[in-house]
Amino acid sequence: MHPFDWAALSLFFLVMVVIGFWSFRQVSDSRDFFVAGGNLPWWLSGISHHISGYSGAVFVAYAGLAYTHGFTIYVWWAFGIAIAIFVGAVFIAPRWSRLRSHSNIQSPTEYLKQRYNLPTQQIMAWCGVLLKLFDVAAKWAAIAILLNVFTGASLLTGILLAGIISLIYITVGGLWADVWTDLAQFVVQIVAGFVMFFIVLDILGGFSSIFTMWDQLPEEHSQLFNDPYTAGFALTFLVIFFFSYNGGTWNLATRYISSPSGSDARKAALLSGGLYLVWPLILFFPMWAAPILLPGLEDPTQSYALIAQELLPPGLVGLVLASMFANTMSMTSSDANTISAVITRDILPNFSKKFKNMKQNQSLWLARMSTFIFTGLTIVVAIYADNFGGVLGLIVFWFGALIGPISIPMILGLLPAFRYCGPSAAIISIFGGLTGFVVVNYVIEVTRATEVLTPIAVSFILFAVIGLFSRKQQIDPEVDDLINILKYDKT
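Residues 1 to 491 (this note's numbering) are what the sequence shown spells out, left to right.
Just so you know, the hints here were simulated from the structure itself, not pulled from any lab data.
This one's a predicted model, so the numbers in the text were calculated from it and none came from an experiment.
Cβ atoms here follow ideal geometry from the backbone N, Cα and C, with glycine treated the same way.
Incorrect hints may appear among the rest.
[What the hints assert, rightly or not] With a cut-off of at most 30 Å between alpha-carbon atoms, the simulated BS3-like pairs for lysine-lysine come out as follows:
| id | residue 1 | residue 2 |
| --- | --- | --- |
| 1 | K487 | K113 |
| 2 | K354 | K113 |
| 3 | K472 | K113 |
| 4 | K267 | K113 |
| 5 | K267 | K490 |
| 6 | K113 | K353 |
| 7 | K113 | K490 |
| 8 | K267 | K356 |
| 9 | K487 | K472 |
| 10 | K113 | K356 |
| 11 | K359 | K113 |
[What the hints assert, rightly or not] Beta-carbon label-pair distances, calculated as ranges:
| id | residue 1 | residue 2 | range |
| --- | --- | --- | --- |
| 12 | I461 | S103 | 25 to 31 Å |
| 13 | V380 | D476 | 40 to 46 Å |
| 14 | D29 | L297 | 48 to 54 Å |
Could you put together the complete structure from these sequences and hints?
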């Protein structure tokens, strides 16, 4: 890269660290560290929810799909997420904030002990933490690959650079540092995205090319669905997105938990959904145009990076690379903060009595230490990723399969319609979903849509049916009260 590109990238990393230390003064206890004291403005929460919802894979894997399959990537991914979040804004998002107000939770799994029981909470907490360790490590490795493509830097350098900088600002500033760096990262992405958009527009002949460009591409590129990304595939992912983006992915639930009220959480969700509806149309445009600008690529996943290197002047290449770093660092740092909350609030107090009823300064120290250790471990796993061989990929694969089964009892447990679904329904649905995953991946051959849908469908059916047959049983009064108070904001 040109020295100007290195300067842009260095400035980006410097801003991340400065924001982390600036946020330090806003953190006085674990409540500030994990949920921003419950005072996260709705607009900041919405932007953070949006930017934390996807990683650098958008510029690599999804860029490849845009190159080979066209507009359908927007339909089944961005549009599907937007619809899922809009529905969640009505039924789910406000309940997360009300949980914090009424039950003083600081992690998304904390309420599961009261809603179900301790074993259910511990199963979900331990599974999530262990799998996220490898999931976050895989993202560090992916971002190192991006840096290697642009600069030739070693994978070790890329992992250490992104990992250590994130480790510093998230350990020092907690959630406040996370959301403010999300805002800075979003601004970087907006600037870089619009620069790429207007440069490609100019090359293709102006604004009219937004519509005429498709005539130069294969006909199926302009269709809503392009095999194998069919309507059934899109509906399958719509279901998965509903559970994932409304709290099944824990760091996204934290954005709602940290909102001052249910109405603020709803507005944050509407903003995030609106961004998914509009922004990808700008972001993906250069990717859709890539077959015209760079025909015959052997590796379509490199299309966005190659366009940036070929079309952008010095300095702006570094800005685009920074925007790619921004997405992945946003997701990994928010994961680290949320997993730390689960470890500190839900696992350690049940592991040893000394972690219960700690003083304010002790709880904050534990929060920072658990964040530091977890993030450090993910960096170590990323560095030695090659030594895991197929195991790392397998664990990440299983994490994707677990999102559905784990999120079923977590999300549906908030709703009155599922009040009769107790601990047995939760545990059986989780292991039933996992069994379904094994069957469709290792026992029988099915379509890709069926393979993806089966784990979450099996979990949902088991959870709902067991709850239906339990309607004559007495509900624990605490569970009934918990579900009822989530209907309204605390007055």
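Worksheet item: Do the alpha carbons of K472 and K113 lie within 30 Å of each other, as the hint requires?
Response: Between K472 and K113 the Cα gap is close to 23 Å, so the pair holds against 30 Å.
Discussion item. Need the status of pair K113, K356: alpha-carbon distance at most 30 Å?
Written reply: Holds. K113 to K356 sits at ~15 Å (cutoff 30 Å).
Worksheet entry | C-beta pair V380, D476: status relative to the range 40 to 46 Å that was hinted | For D476 against V380, whose Cβ atoms are near 42 Å apart, the range 40 to 46 Å holds.
Fill in: Given hint K356 paired with K267 - CA-CA distance at most 30 Å
With Cα atoms ~35 Å apart, K267 and K356 exceed 30 Å; violated.
Practice prompt. Mind checking the alpha carbons of K113 and K490 for me, to see if they're no more than 30 Å apart?
Written response: The hint holds at about 21 Å.
Worksheet item: Is the hinted pair K267 and K113 satisfied, with a Cα-Cα distance of at most 30 Å?
Response: The hint holds at about 28 Å.
Worksheet item: Are the Cα atoms of K487 and K472 separated by 30 Å or less?
Response: holds (23 Å)
Discussion item. Next pair to validate is K359 with K113; report whether the Cα-Cα distance is within 30 Å.
Written reply: holds (22 Å)
Worksheet item: Between K267 and K490, does the CA-CA distance stay at or below 30 Å?
Response: holds (17 Å)
Discussion item. Hint check: K354 vs K113, CA-CA at most 30 Å. Holds or violated?
Written reply: Holds, at about 19 Å.
Item to complete: Given the hint that K487 pairs with K113, test it: the Cα-Cα distance must not exceed 30 Å.
Response: Holds, at roughly 20 Å.
Practice prompt. For the range 48 to 54 Å, tell me whether the beta carbons of D29 and L297 fit it or not.
Written response: holds (52 Å)
Comparing the model with each numbered hint stated earlier shows that hint 8 is the single one that does not hold.
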